[in-house]
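> Sequence:
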Amino acid sequence: MRLKHIAFVITFILITFANVWSLPPLKSIEKLRPKGSERTYLIKYKDEQAGVLVSKFDGTAKFEGVNCYRFSENYNLNLTPYDVDYAITTINKHYVNKKGYYVGDDMSINANNQTQKLYLYNKDENLSGHFKRGETIEEISRPLEKNILALDNMMIDQIEIFLAFHNVYTGDTIYDSVFVPQLQTIMPVKVAVVGFEWTRYGELFDSAYVCHFLQPNDQIVYYTKSRKVIRIDQEQQDLHIHLYETELDRTAPKVQAFTFSDFIQRLPLNVTYLIFAIIFSSMFLPKYHKTAAIYIAFVLGAAMLFIVKETLFPLQKWFGEQYLIPGIKAGGSLYYYAIFPSLFSGLFQEAAKMIPLLIVYLWKKPRQEFSITLGAFCGLGLGFVMAGWFTGAAYQAGGLKIISLAVFGQIIMILFHGVAGAAFGYGLNRGIKYIGIIWPATVLIHAFSEYLLVFTQTKALDMSVYGFLRILICLMYLLVIYILIKKGR
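If you read the sequence shown in this note's numbering, its first letter stands for residue -6, the second for the next number, and so on.
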């Protein structure tokens, strides 16, 4: 009962103060996006599909002898079907340094069937390069400060870079100046952060800062705590831009190289998860805290992340690409197609907790009470590393605070994994009939808690309500397992 009260109080505080947390500036462009990540933005003119922007982060590069980072941009907008004489295709390699400052561009533009090329590089506080239109070449050489951000119209990754290197919080107004490569000039920027709200983009929803750009272009940019621009509204031009993303894309952990430096930076978050894992383990620990087997079970449970990562996530992605996305585009129900990824999650994660237990049982069947403790530690190990896997990159990038609803949700899942593991240990000890009921029931409960997420996408549930429901499911499951084990004893 006490745990339930604490959970509700913490969640209430998190929800109440979520909107006032600020998003501090990044220290390195490497933390903005993983290498190889690609984003697709659909551009609508008067609610009709009129263009697309594809942005890819290529990682490290060298441009005019300068070590830097490269973004590949491919932008296409055609308004001629709407009686507007405007069609443009831009293919660009955009270069920035570690702090996001402008290094250069290698740009090809086709505007209304006229081909232009722009090649710029910023070196030693001097902008150099050339502009080519047809057979005419114009050499460029002028002073330009070394530490300046770039912001070309419609290049959304550049908007992300600009916001990522500023402190963003509701009520603030950001003043700065930027270099506009296509115009080869410096322009003032004024951004009013007018709110933090639940925002729709495409078929998905997310919480985002509402950033009203008053200069250099009048537009409203929706920017999430994970440092993604998910939507842009340019009302004066009747243009609306949405990030094209599936639920699987959004929830998949960021893929990037993991170094010792990353480990150190994520240490506070992982220590938080470990502290709660230790607190939860106290329900099973007292009698066996000097037994090495339970700590081995914890490590084995943690090692199961590799199996989950190499099986569950590829399977969910495959199903999304082959069935979920085509099915929804064809008019199918999201409620139907979401059943399968949720069921996969329950099956694979609960199977991962069973593997270490089965290894122990094949070696030597433990006593019932010790079996429950072993199972709990297997589950806590898996829950601990999965929590760090899902939230570590976002925390390291500055898009996630330790005191947040997302972290609290992962703490609840650590408890769920530990209780499920204890139930499996109890069931295996009692016999095939018991585990044959407990394991499938746990899979269905886990799948149902994952499936509830689809109701937030259709706006049938608010994220705070979704969080409460997952907490409630976990606590009810804990109560049932407690009664079952106590009765069995």
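In case anyone wonders, no lab produced these hints; they're calculated from the structure.
Please note that a few of the clues may not be correct.
What the hints assert, rightly or not - The calculated EDC-like cross-link candidates involving lysine to aspartate or glutamate, where the alpha carbons are at most 16 Å apart (straight line), are:
1) 39 x 228
2) 116 x 57
3) 110 x 132
4) 49 x 228
5) 479 x 314
6) 91 x 165
7) 92 x 165
8) 139 x 57
9) 28 x 57
10) 86 x 57
11) 183 x 165
12) 86 x 138
13) 310 x 211
14) 49 x 118
15) 24 x 51
16) 39 x 76
17) 125 x 99
18) 39 x 165
19) 37 x 228
20) 55 x 99
21) 86 x 51
22) 86 x 76
23) 139 x 118
24) 39 x 231
25) 92 x 76
26) 92 x 138
The model shown is predicted, which means the values in this text are computed figures rather than measured ones.
> Each of the hints needs a verdict: does it hold here or not?
Right, here's what the structure says about each hint:
no.: 1; hint: 39 x 228; result: holds, 10 Å
no.: 2; hint: 116 x 57; result: holds, 8 Å
no.: 3; hint: 110 x 132; result: holds, 12 Å
no.: 4; hint: 49 x 228; result: violated, 27 Å
no.: 5; hint: 479 x 314; result: violated, 45 Å
no.: 6; hint: 91 x 165; result: violated, 25 Å
no.: 7; hint: 92 x 165; result: violated, 22 Å
no.: 8; hint: 139 x 57; result: holds, 15 Å
no.: 9; hint: 28 x 57; result: violated, 21 Å
no.: 10; hint: 86 x 57; result: holds, 13 Å
no.: 11; hint: 183 x 165; result: holds, 11 Å
no.: 12; hint: 86 x 138; result: violated, 21 Å
no.: 13; hint: 310 x 211; result: violated, 37 Å
no.: 14; hint: 49 x 118; result: violated, 27 Å
no.: 15; hint: 24 x 51; result: holds, 13 Å
no.: 16; hint: 39 x 76; result: holds, 12 Å
no.: 17; hint: 125 x 99; result: holds, 12 Å
no.: 18; hint: 39 x 165; result: violated, 31 Å
no.: 19; hint: 37 x 228; result: holds, 11 Å
no.: 20; hint: 55 x 99; result: holds, 13 Å
no.: 21; hint: 86 x 51; result: holds, 10 Å
no.: 22; hint: 86 x 76; result: violated, 31 Å
no.: 23; hint: 139 x 118; result: holds, 5 Å
no.: 24; hint: 39 x 231; result: holds, 5 Å
no.: 25; hint: 92 x 76; result: violated, 42 Å
no.: 26; hint: 92 x 138; result: holds, 14 Å
The structure is inconsistent with the numbered hints 4, 5, 6, 7, 9, 12, 13, 14, 18, 22, 25, although it conforms to all the rest.
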